[in-house]
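Position one of the first sequence corresponds to residue 14 (my numbering), numbered consecutively onward.
For the record, the hints were derived by calculation from the structure and aren't laboratory data.
Treat the hints loosely; a few may be bogus.
Dumping the calculated DMTMM-like pairs for lysine to aspartate or glutamate here, alpha-carbon to alpha-carbon at most 25 Å [claimed, not checked]:
{"no.": "1", "residue 1": "Lys15", "residue 2": "Glu77"}
{"no.": "2", "residue 1": "Lys81", "residue 2": "Asp31"}
{"no.": "3", "residue 1": "Lys202", "residue 2": "Glu185"}
{"no.": "4", "residue 1": "Lys268", "residue 2": "Glu209"}
{"no.": "5", "residue 1": "Lys266", "residue 2": "Asp251"}
{"no.": "6", "residue 1": "Lys376", "residue 2": "Glu400"}
{"no.": "7", "residue 1": "Lys542", "residue 2": "Glu570"}
{"no.": "8", "residue 1": "Lys331", "residue 2": "Asp100"}
{"no.": "9", "residue 1": "Lys268", "residue 2": "Glu253"}
{"no.": "10", "residue 1": "Lys471", "residue 2": "Glu392"}
{"no.": "11", "residue 1": "Lys446", "residue 2": "Glu371"}
{"no.": "12", "residue 1": "Lys256", "residue 2": "Glu147"}
{"no.": "13", "residue 1": "Lys320", "residue 2": "Asp388"}
{"no.": "14", "residue 1": "Lys557", "residue 2": "Glu414"}
{"no.": "15", "residue 1": "Lys148", "residue 2": "Glu185"}
{"no.": "16", "residue 1": "Lys104", "residue 2": "Glu415"}
{"no.": "17", "residue 1": "Lys15", "residue 2": "Glu482"}
{"no.": "18", "residue 1": "Lys421", "residue 2": "Asp277"}
{"no.": "19", "residue 1": "Lys361", "residue 2": "Glu474"}
{"no.": "20", "residue 1": "Lys152", "residue 2": "Glu504"}
{"no.": "21", "residue 1": "Lys40", "residue 2": "Glu371"}
{"no.": "22", "residue 1": "Lys59", "residue 2": "Glu37"}
{"no.": "23", "residue 1": "Lys434", "residue 2": "Asp291"}
{"no.": "24", "residue 1": "Lys331", "residue 2": "Glu415"}
{"no.": "25", "residue 1": "Lys81", "residue 2": "Asp100"}
{"no.": "26", "residue 1": "Lys188", "residue 2": "Asp388"}
{"no.": "27", "residue 1": "Lys148", "residue 2": "Glu504"}
{"no.": "28", "residue 1": "Lys493", "residue 2": "Glu507"}
{"no.": "29", "residue 1": "Lys152", "residue 2": "Glu482"}
{"no.": "30", "residue 1": "Lys510", "residue 2": "Glu293"}
{"no.": "31", "residue 1": "Lys557", "residue 2": "Glu474"}
{"no.": "32", "residue 1": "Lys268", "residue 2": "Asp325"}
{"no.": "33", "residue 1": "Lys15", "residue 2": "Asp306"}
{"no.": "34", "residue 1": "Lys331", "residue 2": "Glu507"}
For each label pair, taking beta carbons as the anchor points, the in silico distance ranges come out as [stated by the list, open to error]:
{"no.": "35", "residue 1": "Gln299", "residue 2": "Glu178", "range": "47 to 55 Å"}
{"no.": "36", "residue 1": "Ala537", "residue 2": "Leu28", "range": "13 to 21 Å"}
{"no.": "37", "residue 1": "Thr383", "residue 2": "Leu470", "range": "43 to 51 Å"}
{"no.": "38", "residue 1": "Glu539", "residue 2": "Lys471", "range": "15 to 23 Å"}
{"no.": "39", "residue 1": "Glu539", "residue 2": "Thr114", "range": "50 to 58 Å"}
{"no.": "40", "residue 1": "Thr114", "residue 2": "Leu470", "range": "48 to 56 Å"}
Positions of the beta carbon are idealized from the N, C-alpha and C atoms, including for glycine.
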Amino acid sequence: MKTIIATLLTEQLSLDVDIHSLLETPKHASHGDIAFPTFLLAKERKQSPVIIAQELAKELTLPEQVQKVQAAGPYINFFFTAQYHLDQALKTPEIPQTQETILLEWPSPNSNKPLHIGHVRNMLMGNSLARILEKTGRKVIKVNLNNDRGIAICKSMLMYQLYGEGKTPESEGMKSDYFVGYYYTLFEKKVKEQPELQDQAQEMLQQWEAGDATVRALWEQMNNWAFQGHNTTYETFDIEHEKSYYESEIFHKGKEIVQQGEKDGLFYTDEKQNICIDLEQEGYGQKVLLRGDGTSIYITQDIALAKEKVNDFGACDKYIFVVGNEQAYHFQVLFNVLEKLGFGSTEKFFHFAYGMIELPEGKMSSRKGTVIYADQLIEELEEQAKENLLNRELTADLEAEELSARSKAIAKAALNFFILKFNPLSNFVFNPKESLSFEGETGPYLQYTYARIQSVLKKMEETEVIYPEELEEKEQALVKVLQEYASVVYEAGEEYKPSHIAHYAIKLAQTYNEFYHSCPIRTAPEDRKGLRKALSEQTARIIKDCLSLLTIQALDEM
RNA sequence: GGCCCCGUAGCUUAGUCUGGAUAGAGUGGCUGGUUUCGGCCCAGCAGGUCGGGGGUUCGAAUCCUCCCGGGGUCACCA
């Protein structure tokens, strides 16, 4: 629409400004579809903007898509015809495609405990982002980095060695990652009274690095349990990767790269023989990249991983890391190091950061037992959803299987939407009792709107769509929102913002529900029935698409 | 202390990059709505110094600047 108006204004008025960028989409329907503000002209011509608007509006000859033009104060407002709006709203949305290859890395957990609500935020954001990127034409390579070595897993190992008594997840009837996590928590408890455990864990880490057979065997056992548990959680959350990397396999590989960089004069050696980078100019200070004894640190392995990824998948246009924002500084340093090493400009790397989730009583603590685990969370929500279904007349008699399937879908809708509608960078307090609702701005609200449309459509026969001269107010509002879909997805892809999709979906559902309540569909006048049916179908299609981008299932009945 | 993120109705928040007409929602509170397409719905009322000051601009929640509050980070940890 902007292009049409920009062309119109450029051709008919001799204005020396970039018209397209000045055009606005008014917030209120009474202001039309596109508005041209005349403030700039007023300044140039030293005339009242109101008068300029009035005069220009009179001069214009309108193309067929534009029904009328109206000067309103300092704005010239353009109104498009119902015909034009309907064509745009009812056609298959064309989402502008961006040809890019993006490597997306997430959720990259530690292997010493189960996934918790922080990982849930990570998993959902990564998943949704991947879907949005794919929808906008990008090729997305999905990888995971398992942090499977280090002091944390050694703590679990040590406790199992001391107190495990040969128990297994099977013998205890525990999900295997919880089994591993139990020993980690046990360490945090015991170390308070026995500080020497800290040294023992450290010692174990050294034995691990030295390749001690017993320690390695124990490590493999514990890790297998942890991963096995994580994998079932990934299934619940629809997480799939093309490749999983393991810190244990790459952590020693960065050494040569860093040493070569030092020879090439990119880095320097400090008095302790550490190889370091000077990022004073960039504002990040001096950072060690490789210890003097040649052993790796966190950033060394990230450098190695960058190379592995290029080896495996070729150079990509962008590399996105979904990681909590407490690591923002680390990633800025890493991106600068990678740029110096020739992996590409820092622009190619993006830290998709998100804020912390806290509980009403403060930060989560595995020691205090206040961690909310991903599996438990979704299970509790399923229970709530099930209860809701049983309390409704329509669904009280569902068969067990169907009841369970629907509860699952509704629970995930509630959780996914709740997490994804937020600005990712905000911290938020998660109150398990109050945070998740099924009413209002929620995933189930979207599912409900979709299901109700399906129910209405099912009862209707094929009807011809007849375009009316004028649309009713609620029809008009719906038509406008439907037209926005393609550009919303495009923007979400450009800006990496799943929340745009969430907010748009709510707006569409709200607009549709208002339409639904004031415009009968099945009992509409004959010349309106086909139109309203078509609008309902298109709304359903787009809601379903949005839900899919948010990793939520659309239900035909709920 | 340096750097990064956050601050908008009682609560949860959209809008900030790219400045425009009356700052949108949800929730909670109050008042209503279905002999009609599914009430997890809809309508209405009350609720805002957009953290504060200064600046730029015809115009600022949005840009600049200085403060205030909350969180994070500044390891040879990950």
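Checklist entry - Quick check: which numbered hints come out false for this structure? => result 4, 5, 6, 8, 9, 10, 13, 15, 16, 18, 19, 21, 23, 24, 29, 30, 33, 36 and 40
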